[in-house]
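Protein chains in written order, with this note's numbering: chain L, 569 to 682; chain U, -7 to 108.
Calculated from the structure, these hints are not laboratory results.
All C-beta atoms in this analysis are idealised placements derived from N, C-alpha and C, irrespective of residue type, glycine included.
Among the hints, a few may not be true.
Now the stretches of chain U that chain L is said to cover, found in silico as 3 or more residues with beta-carbon under 8 Å [unchecked claim]:
#1 37 to 45
#2 95 to 101
With a straight-line cut-off of 25 Å between C-alpha atoms, the simulated BS3-like cross-links for lysine-lysine are [what the hints assert, rightly or not]:
#3 Lys8(U) / Lys95(U)
#4 Lys(-5)(U) / Lys609(L)
#5 Lys62(U) / Lys8(U)
#6 Lys588(L) / Lys634(L)
#7 Lys62(U) / Lys634(L)
#8 Lys95(U) / Lys632(L)
#9 Lys632(L) / Lys582(L)
#10 Lys588(L) / Lys(-5)(U)
#11 Lys95(U) / Lys609(L)
#12 Lys8(U) / Lys623(L)
Here's the letter readout for the chains.
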Amino acid sequence: GAVVSQHPSWVICKSGTSVKIECRSLDFQATTMFWYRQFPKQSLMLMATSNEGSKATYEQGVEKDKFLINHASLTLSTLTVTSAHPEDSSFYICSARPGPRGYTFGSGTRLTVV
Amino acid sequence: AQKITQTQPGMFVQEKEAVTLDCTYDTSDQSYGLFWYKQPSSGEMIFLIYQGSYDEQNATEGRYSLNFQKARKSANLVISASQLGDSAMYFCAMREGKTSYDKVIFGPGTSLSVIP
């Protein structure tokens, strides 16, 4: 089946530093990648939609200068959390649609900012 | 306005019994898709079942079935013969439209606990 590989699985960083999260579609081309954030005991909230070769579309309330998204190829999308702060600590997960019915998710990244 | 509603924050079910997880949605689109995902404590999102708005029959995938009532805008998940491994968060989700650009939004989730 279609697989989205997400790295790293977890990361701890110091406040003020930047962290990059990668999502790769392994056996299909992902024209579009969706990035979600999930706080403990809450649902997935869509942050942005990245499209290969064009600018990402951000949801209302999401700072595009803080959450930089790059979708340079049909198999790779990255999310960079810039100048991370403790309130950015969360579970970040990407998703792509390999076929007409289902969406495939990455395994997620647990970010802890200390 | 919330588009996906799951009114059961937590549910308990006895092992081997069936359980229904409720989901209602709101959309003005004619073409949309409804999904159920399972999220165990590891965090991975596991696809369970899909129902298209034009599908005439209720979707079934093994022990999972979706009770789709279009007029009532409900898409309840039925899990038959519950197993201990079914304990997890369950999310109902909806895609409006039918292209790969169409985003999916999630409901608040239901935490299911299966009791031995």
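Compare the structure with the hints numbered earlier in the document and write down the numbers of the violated ones, lowest to highest. Violated: hints 3, 5, 7, 10 and 12.
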